[in-house]
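J.: Dock chain B against the given chain A, drawing on the hints supplied.
The residues making up each chain are set out below.
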Amino acid sequence: MAYLLQLGALTDELVAAVAAIPDTQGQRLDRCRESTLRSLRHHSFLRTNQFDVDDHLSGYEEHFRVLGRDGLADAFRKSLDALKPHHNRFTPDVLHFILELADQPVQKTSLTD
Amino acid sequence: MPSDERSEKQAAAQQAVDILHEISTILNCHLDRRTLSICISMIENGVNPEALATAVKELRNEAQEVQFEAAGAGASTTRRR
Chain A
0 MAYLLQLGAL TDELVAAVAA IPDTQGQRLD RCRESTLRSL RHHSFLRTNQ FDVDDHLSGY
60 EEHFRVLGRD GLADAFRKSL DALKPHHNRF TPDVLHFILE LADQPVQKTS LTD
Chain B
0 MPSDERSEKQ AAAQQAVDIL HEISTILNCH LDRRTLSICI SMIENGVNPE ALATAVKELR
60 NEAQEVQFEA AGAGASTTRR R
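Those protein sequences? They're chains A and B, same order as listed. The first sequence begins at 0 in numbering that gives the first Met the number 0 and counts up one residue at a time. The second sequence begins at 0 in numbering that gives the first Met the number 0 and counts up one residue at a time.
Just chain A, with the same shape it has in the complex:
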């Protein structure tokens, strides 16, 4: 029960931060909150494989270098190395989440970002 309450509170925060539905559209906000909560609780995704995550991260670094974006590759490697002392059992999951949302970084990311 406590888990559901906490998940519900975090889902509310997520909906507010990402969807930014105005308070005047209460029904829409409720519908969005419910469907988000449902999709987080009932899904058919597998658990994170940390070796796959490592492979993907190395793949991105290599891709940056192959396309001559060494500055970006160095910054990426530096961040990954800096993360090592903070590694805990959730780090592969968080990195998996970030990888899922990656949006053509090789073409679109600029070092000035």
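There are no misleading hints in this set.
Here are the simulated EDC-like cross-link-like pairs (lysine to aspartate or glutamate), alpha carbons at most 20 angstroms apart as the crow flies:
| id | chain 1 | residue 1 | chain 2 | residue 2 |
| --- | --- | --- | --- | --- |
| 1 | A | Lys107 | B | Asp31 |
| 2 | B | Lys56 | A | Asp102 |
| 3 | A | Lys83 | A | Glu60 |
| 4 | A | Lys107 | B | Glu21 |
| 5 | A | Lys77 | A | Asp54 |
| 6 | A | Lys83 | B | Glu43 |
| 7 | B | Lys56 | A | Asp11 |
| 8 | B | Lys56 | A | Glu12 |
| 9 | A | Lys83 | A | Asp54 |
| 10 | B | Lys56 | A | Glu33 |
| 11 | A | Lys83 | B | Glu21 |
| 12 | A | Lys107 | A | Asp69 |
| 13 | B | Lys56 | B | Glu68 |
| 14 | A | Lys107 | A | Glu61 |
| 15 | A | Lys77 | A | Asp53 |
| 16 | B | Lys56 | A | Glu99 |
| 17 | B | Lys8 | B | Glu43 |
| 18 | A | Lys83 | B | Glu7 |
| 19 | A | Lys77 | B | Glu21 |
| 20 | A | Lys107 | A | Glu60 |
| 21 | A | Lys77 | A | Glu61 |
| 22 | A | Lys83 | B | Asp17 |
| 23 | A | Lys77 | B | Asp17 |
| 24 | B | Lys56 | B | Asp31 |
| 25 | A | Lys83 | A | Asp73 |
| 26 | A | Lys77 | A | Glu60 |
| 27 | A | Lys107 | A | Asp73 |
| 28 | A | Lys83 | A | Asp53 |
| 29 | B | Lys56 | A | Asp29 |
| 30 | A | Lys83 | A | Asp51 |
Computed beta-carbon distance windows for the label pairs:
| id | chain 1 | residue 1 | chain 2 | residue 2 | range |
| --- | --- | --- | --- | --- | --- |
| 31 | A | Arg88 | B | Glu7 | 14 to 22 angstroms |
| 32 | B | Arg33 | A | His42 | 18 to 26 angstroms |
| 33 | A | Arg88 | B | Ser6 | 17 to 25 angstroms |
| 34 | B | Ala10 | A | Ser38 | 28 to 36 angstroms |
| 35 | B | Ala10 | A | Gly25 | 35 to 43 angstroms |
| 36 | B | Arg33 | A | His62 | 23 to 31 angstroms |
| 37 | A | Asn48 | B | Ala70 | 36 to 44 angstroms |
| 38 | A | Leu45 | B | Ser6 | 34 to 42 angstroms |
| 39 | B | Gly71 | A | Gln26 | 17 to 25 angstroms |
Derived by calculation from the structure, the hints in this document are not laboratory data. The C-beta atom is built at its ideal place from N, Cα and C for all residues, glycine as well.
T.: Chain B in isolation, oriented as in the chain A frame:
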């Protein structure tokens, strides 16, 4: 001291979020620091990362619809004038 220990842990957690935010920026994830912090808390509460990423994408679509409708309503109000 316990409060010192707590503040040290908080500082370390903040640093980890900063680094993860840097990584997400390099990978062009369009995540701000607040959203990333919420998502990290959700993952630490046992939410599946892939399900969470799918939910974030759906919420972004919803946000686009809201913006589109707001822009449409604004345009029709201007036309009526």
